[in-house]
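J.: Sequence:
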Amino acid sequence: MSVQDFINDPESYSKSHKVKFGNIGPEIAGLRLRNRVKYQGWSSYQYERCPPYYTNFAFDGDTVFDDVVNNIQGWHVQLGRQAWHTVTAIPGWQDKGICYLPWEEDAVTCIQIPSSAKTFFTGPLTGCSVHIGDGSDGSLWAFHANRNGIEERHRNAAVKQAMTAMTSTSLGLGIRGRHAAIKGTHYDNLAFVFGKKSWRGRWTFYVADIPIAGARCTVTALP
16 MSVQDFINDP ESYSKSHKVK FGNIGPEIAG LRLRNRVKYQ GWSSYQYERC
66 PPYYTNFAFD GDTVFDDVVN NIQGWHVQLG RQAWHTVTAI PGWQDKGICY
116 LPWEEDAVTC IQIPSSAKTF FTGPLTGCSV HIGDGSDGSL WAFHANRNGI
166 EERHRNAAVK QAMTAMTSTS LGLGIRGRHA AIKGTHYDNL AFVFGKKSWR
216 GRWTFYVADI PIAGARCTVT ALP
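Here my numbering is used: the first residue of the sequence shown is 16, the next is one more, and so on.
Derived from the structure by calculation, the hints contain no laboratory data.
Quantities reported herein were computed from a predicted structural model and do not represent experimental measurements.
It is possible that part of the hints are untrue.
With a straight-line cut-off of 25 Å between C-alpha atoms, the simulated SDA-like cross-links for lysine to any residue are [as the list claims (entries may be wrong)]: (1) K30 with R217; (2) K133 with Y54; (3) K111 with D75; (4) K111 with K198; (5) K30 with R193; (6) K198 with R215; (7) K211 with E63; (8) K211 with G112; (9) K211 with W108; (10) K30 with I105; (11) K198 with T141; (12) K30 with W99; (13) K30 with E63; (14) K111 with G142; (15) K198 with Q176; (16) K133 with D110; (17) K30 with R51.
Per label pair, the in silico range of CB-to-CB distance [what the hints assert, rightly or not]: (18) G187 with L48: 36 to 46 Å; (19) Q55 with R217: 31 to 41 Å; (20) S31 with Q55: 36 to 46 Å; (21) S130 with A236: 33 to 43 Å.
Where is the CB? At the ideal position from N, CA and C, for every residue including glycine.
When you get a sec, could you build the whole thing from the sequences and use the hints?
T.: Put into structure tokens, the structure is as follows:
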């Protein structure tokens with residue numbers, strides 16, 4: 016099994032392996048910042064692809080896993096189903112159909128999922144909210160909301176939803192929500208969201224929830 020197996024079929028790979036995402040910056044993922052809007056206490060970042068650079072993935076075989084939330088350290092990434100498979104990005108000149116959305120602290124990041132994309136991935140989630148929505152022009156958008164300054168879970172989720180709505184409105188595309196992944200409702204541990212497009216062009220989105228002590232991820236389709 017290789018990273019290409021993960022790219023081609025992230026659902027099956029994540030169900031049988033312990034997969035997590037490292038902190039991948041936008042530049043190394045072949046993205047550029049199209050627009051930034053500053054609000055009181057947070058910002059929104061709109062990213063887009065930057066051809067001829069494209070997102071490509073690799074497994075980081077040397078990373079030490081530090082789970083700050085659960086205060087667990089020392090999970091060395093190795094080979095095999097019981098070890099961590101940490102996804103990182105490498106510069107790519109070939110379009111492999113990957114759309115990646117990075118995250119920013121106290122911010123909403125967003126990206127239009129291009130029609131050429133075959134798979135979609137977010138960065139790591141430890142409490143963030145992810146929303147997927149449809150634009151009135153037929154476009155498909157993804158949003159990743161982070162708000163570390165508010166600790167109470169339900170209020171935090173509501174604030175992040177409001178941040179996402181403001182960011183969506185600023186795009187002027189009448190975006191309607193399709194899916195959401197929210198901590199405590201759709202996932203409980205370290206997680207990431209991914210999507211894959213069928214040969215008919217239909218997208219299905221999932222959240223991969225990663226129990227620290229478990230041997231593999233729990234993968235659930237988002238309603």
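J.: Next, verify each hint and record whether it holds.
T.: Verification of the supplied hints:
| no. | hint | in the structure |
| --- | --- | --- |
| 1 | K30 with R217 | 21 Å, holds |
| 2 | K133 with Y54 | 33 Å, violated |
| 3 | K111 with D75 | 19 Å, holds |
| 4 | K111 with K198 | 30 Å, violated |
| 5 | K30 with R193 | 24 Å, holds |
| 6 | K198 with R215 | 31 Å, violated |
| 7 | K211 with E63 | 19 Å, holds |
| 8 | K211 with G112 | 10 Å, holds |
| 9 | K211 with W108 | 21 Å, holds |
| 10 | K30 with I105 | 24 Å, holds |
| 11 | K198 with T141 | 8 Å, holds |
| 12 | K30 with W99 | 13 Å, holds |
| 13 | K30 with E63 | 29 Å, violated |
| 14 | K111 with G142 | 29 Å, violated |
| 15 | K198 with Q176 | 12 Å, holds |
| 16 | K133 with D110 | 10 Å, holds |
| 17 | K30 with R51 | 36 Å, violated |
| 18 | G187 with L48: 36 to 46 Å | 18 Å, violated |
| 19 | Q55 with R217: 31 to 41 Å | 39 Å, holds |
| 20 | S31 with Q55: 36 to 46 Å | 45 Å, holds |
| 21 | S130 with A236: 33 to 43 Å | 22 Å, violated |
Hints 2, 4, 6, 13, 14, 17, 18 and 21, counting from the list given before, are not met by this structure.
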